[in-house]
Amino acid sequence: MGQLRQINEHLWEVPKRGNMRVPGRIYASKKLMRTIENDPCVDQVRNVAHLPGIVKYSLAMPDIHWGYGFPIGGVAAMDSEDGVISPGGVGYDINCGVRLLSTNLMLEDVKDRIRPLLAQLFRDVPAGVGSHGAIPNLSHRELDRLIAEGASRVVQMGYGTREDIDYIEERGCLEGADPSQVSDRAKQRGSKQIGTLGSGNHFLEIDHVEEIFNNDVASVFGLEKNQIVTIIHTGSRGLGYQVCDDHLKTTQRAVERYGVNLPDRQLACAPIKSPEGRSYLGAMRAAANFAFCNRQVIKHIAEQAFMKTLSISPEELRMRLIYDICHNIAKFEKHKVDGDTVTVCVHRKGATRSFGPNNPELPEQYKPIGQPVLVPGDMGRYSYLCVGTDKAMTDTFGSSCHGAGRMMSRTKSSKISRSMNMIEELRSRGVEIMARGKRTIAEEMPHAYKDVSDVVDVMDGAGITLKVARLKPIGVIKG
Amino acid sequence: MVSRVSQKGYSLIDHTADIGIEVHADDFPTLLERAAGALFDIITDVSKVKAEDHIQITFSSEDREQIMRSWLEELLHRFYGEEMVFSRFRLELSDGDNLTGEAWGEVFDPDRHDLHTEIKGITYHQFEVSFHPGKKWYARIIFDV
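Residue numbers (this note's numbering), protein chains in the order written: chain L, 7 to 485; chain Y, -5 to 139.
This is chain L alone, in the form it adopts within the complex:
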């Protein structure tokens, strides 16, 4: 650990050297650091610190792992006047994120109906290629409107309720989305994919509340032990990927044009105020809005599937959105820097916003307690619901971890899984699973991931997000 300096039990500093503009800071326990320190992701934390306009630190959360240019689990705030915007700092799956839905159901009500419930969800929630989006024949004109207006547009179309909008980060719409900056190719990919789950690590999961750590906060979220909740994890699908790809090309040219000196070409970026920077921002926001719509539509489909399978009314189910959060995003936010409140462009790549109490961005109901932060784990173990703090506002630009973080490659994971019946293995842990992709279950098996409790405990110990409840999966569908 020679290159890293331990600041306290949960925090390490990557000292400033060479052309780094700021130091790096990595949140981790000693146990997690043993994996992190030998990974190229530490170099990536250092590389991000070279970007023009970076403020305070190049930050990494404890679920950090190697990404393209920026590490996954990375957070970087850029000066809104002199800083840069980088598509690599957001990632390919723009506004990949999660939403947590509560229901009126208890474990007792569904434990014998999990298989038919999963089968219905599996039939009704489209995965992607080979299936059709939930909104067929979405014209480019309608798609433009949808990516400009965000989740409220699909609510107008009948997917979910107005109440949902208050419980989505940014109320389900990033202002300044510019559909004209999204290529036809991206729109072509997106027009078929509204309401599709996608493959890889994306999922829809039925959980029960296994343990509550903070009753007062849990009660504000309307949660009690053994209650059934649902998690949806997906993003902007092909539209977001294409936006990232298109703008990586333009920002690579911008790097030369504006003479930005980079240690890695995947950090391609453009000054925030440049034409290239503004173009990416307009397109990225549109893709983010697509993702909000996508999760909103899937919520509606899931609600219908629950009601149909269990033969219950909307009132009996009462599927309510606790919160929807972004994992891959860049946003202008006000934060305190050296005692002054300044606007910075916060890049979160595989990181979650975790605003503390009384933040004006939060719905009224959550202002006394802070923002819900859902941290999904692997599909065999558990996920955590946490809450943001004031310390997150001062130390991490209101950011926290986003998941368990992979520790094993997909090829290695598949090889190990070959000797196991993963469906039976998960069933023995009380988890039913259905997946379309033959290799998906093998690639996504629990031992491919870090234990999410190790990750969450670091953020809880550091006071950045506090644990509220642990959720245990009982049924998972994957693309």
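Quick caveat, the hints were computed from the structure, so don't treat them as lab data.
Ideal placement from N, C-alpha and C gives every residue a C-beta, glycine not left out.
Here are the simulated DSSO-like pairs of lysine-lysine, each with C-alpha atoms no more than 27 Å apart in a straight line:
#1 K2/Y - K421/L
#2 K2/Y - K418/L
#3 K22/L - K337/L
#4 K342/L - K397/L
#5 K42/Y - K421/L
#6 K62/L - K340/L
#7 K340/L - K22/L
#8 K255/L - K337/L
#9 K397/L - K37/L
#10 K340/L - K279/L
#11 K42/Y - K418/L
#12 K37/L - K478/L
Interface residues of chain L toward chain Y, partial, derived using beta-carbon atoms under 8 Å:
#13 V135
#14 Q272
#15 S415
#16 R416
#17 T417
#18 G443
Every beta carbon over 10 Å from chain Y, so not counted as near; a handful from chain L, in silico:
#19 E19
#20 D172
#21 K279
#22 P320
#23 G362
#24 Q371
Since the structure of chain L is already known, use the hints to place chain Y on it.
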């Protein structure tokens, strides 16, 4: 696995979050054919893909890395746009440095084809297309999945 790799001219790279390939070939057109074969080999079981439809793509760029990217991106675009999967590829040099690529395949049918791993993008991460005297043509490509 080993024989399959050598037969198809590529091998998989172990990468934590995604899937990468290394491709070797005696000439650049073959390198492109093998990279495309690897792309669809990861996506589906290509032995079940019938060569019913045919597409043609021409490249005029002299930049080999750019040609590789354009070729794979175009094929991926056909996969997402028209839901086409391909099992056979042919690249030919035409006048000067111009290249013509052809691919044969069919529309993805979830009843007959398995979707193994959805490849979403061709990254710039460690991307390399190079010619080494003796070692011949080499490409390293990391796919975002």
